[in-house]
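Number of protein chains: 2
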Amino acid sequence: MRLFWTPASPFVRKVMTVVHETGLADHVEIVPTVWPHEWATKTVAFDPAFVAANPVGRIPALVTESGVAICESNLICRYLAARAGRAELIPGDGDADLPLVRLWGLADGAIEAMIATRAESLRTGAERSADFIRKQMDRIGRCFDGFDLDVLGDARSPTIAHLAAAIACGYMDFRFPDERWRKKRQRLVNWYERFGQRPSMAMTRPGETPQQ
Amino acid sequence: MRLFWTPASPFVRKVMTVVHETGLADHVEIVPTVWPHEWATKTVAFDPAFVAANPVGRIPALVTESGVAICESNLICRYLAARAGRAELIPGDGDADLPLVRLWGLADGAIEAMIATRAESLRTGAERSADFIRKQMDRIGRCFDGFDLDVLGDARSPTIAHLAAAIACGYMDFRFPDERWRKKRQRLVNWYERFGQRPSMAMTRPGETPQQ
Chain L
34 MRLFWTPASP FVRKVMTVVH ETGLADHVEI VPTVWPHEWA TKTVAFDPAF
84 VAANPVGRIP ALVTESGVAI CESNLICRYL AARAGRAELI PGDGDADLPL
134 VRLWGLADGA IEAMIATRAE SLRTGAERSA DFIRKQMDRI GRCFDGFDLD
184 VLGDARSPTI AHLAAAIACG YMDFRFPDER WRKKRQRLVN WYERFGQRPS
234 MAMTRPGETP QQ
Chain B
34 MRLFWTPASP FVRKVMTVVH ETGLADHVEI VPTVWPHEWA TKTVAFDPAF
84 VAANPVGRIP ALVTESGVAI CESNLICRYL AARAGRAELI PGDGDADLPL
134 VRLWGLADGA IEAMIATRAE SLRTGAERSA DFIRKQMDRI GRCFDGFDLD
184 VLGDARSPTI AHLAAAIACG YMDFRFPDER WRKKRQRLVN WYERFGQRPS
234 MAMTRPGETP QQ
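As given, the protein sequences belong to chains L and B, one line each in that order. Quick note, the first sequence lines up with residues 34 to 245 if you use the numbering used here. Quick note, the second sequence lines up with residues 34 to 245 if you use the numbering used here.
Hints listed in this document are in silico derivations from the structure and should not be mistaken for laboratory results. Don't be surprised by glycine CBs; every beta carbon is placed ideally from N, CA and C. Hints should not be assumed to be uniformly reliable.
Taking lysine-lysine pairs in the DSSO-like style, the calculated list, with each CA pair at most 27 Å apart, reads [said to hold, decoys possible]:
id	chain 1	residue 1	chain 2	residue 2
1	B	K217	L	K75
2	L	K216	B	K75
3	L	K75	B	K216
4	B	K75	L	K217
5	B	K75	L	K75
Quick look at which bits of chain L chain B covers, simulated, 3 or more residues with Cβ under 8 Å [said to hold, decoys possible]:
id	region
6	95-102
7	138-144
8	165-175
Isolated chain L (complex conformation) (with noise of 0.2 Å):
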């Protein structure tokens, strides 16, 4: 499988956890992708195999071993855990995970606004809005807020949604440092501390990435 990445995106940072929680690393090949700061609003060249693998034009996208691409963090990791047999990876449809499906959809939810911040941070001078970053902002401690940290401390083994809420948590000290979201949220942090010491969050921490 081919799996379009930067170091830098929460959402191939998800998937990347899980390709670690799976043992799929030697299955998986890394395809660096370039992105220049004009992405924010602007289309960029596309290399042709990304965006003939997703016309959304974003990643994280998998080409599977049969060709056929997927081109959405959730659905990438669904197919990842069940191939690997780790179905429980994933939260399951019935009332009994119902906290846990609450909780994923606050972290995707979270991390989509962190995602909606900076690219507002990379318009141009009139075309930035300092509202729409309060307002994301306002979103992000909302969610964070919002995390059940019954639900994150249960010791039964983690899911997609355990990942998603810690990545969101790392996501935050690398593009936004000054936010101080650990600030009034000690159970978050202390369960934070210990979970990002996990494999999977120690091998995909972010960095940038390259414009060209």
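Please build the complex by placing chain B on the supplied structure of chain L, with the hints as guidance.
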């Protein structure tokens, strides 16, 4: 169950089509929400019950009978399909369903780009980026061109992937009629005109969200 709703949102429409396809309409109370146009860049005044249900602060949000709310449309649809014993509405996680999973990601990607465009169009003056709107329209065009008509036209029962693709077409007509998505896409048009007659589609045609 309670569903926070508007008549305009394509992600709400996706949930509503699944509500109708599964025959769960009598079990879901529709809770209209109000979105002043400044939602595009500002945190608007939320109904406390809504933001408690969904700290991400967006629709759709489903409060289940156990009181645990789900915050994202695909997770809501998955829950409803399972609850109704209609798991076949959700593409499977194995290789056999990869073409459907690909379609699902492309359709959702197109809808996300439409929402981003709608939000951009609601920005004021200098904060509005014509480049950004062009970028999203490029993305939508690529996604539509990537829809596999052999998959869409398959005579088996429809899935959330089919519904999302049809909703993407419908939202283009609703918000962006000048974009002429039908041009040079006759097979997609033919499919949409037929699929759009399903009761679940006909009963959920979009309308403007009241401003207050």
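To see whether the hints hold, each was checked on the structure:
1. Between B/K217 and L/K75 the CA atoms are separated by roughly 24 Å; this keeps the pair inside 27 Å, and the hint holds.
2. For the hint linking L/K216 to B/K75, the alpha-carbon distance of about 23 Å falls within 27 Å, and the restraint holds.
3. Between L/K75 and B/K216 the alpha-carbon distance is near 23 Å, which keeps this suggested pair within the 27 Å criterion.
4. With a C-alpha separation of about 24 Å, the suggested pairing of B/K75 with L/K217 holds against the 27 Å cut-off.
5. With a CA separation close to 23 Å, the supplied pair B/K75 and L/K75 stays within the 27 Å bound.
6. Against chain B, the region 95-102 of chain L contributes 4 residues with a C-beta closer than 8 Å to a partner C-beta. That satisfies the three-residue criterion, and the hint holds.
7. Figure legend: the region 138-144 of chain L, annotated as covered by chain B; annotation consistent (5 residues with Cβ-Cβ distances under 8 Å, at least 3 required).
8. Using a Cβ-Cβ cut-off of 8 Å, 6 residues of the region 165-175 of chain L lie near chain B, which meets the minimum of three, so the contact claim holds.
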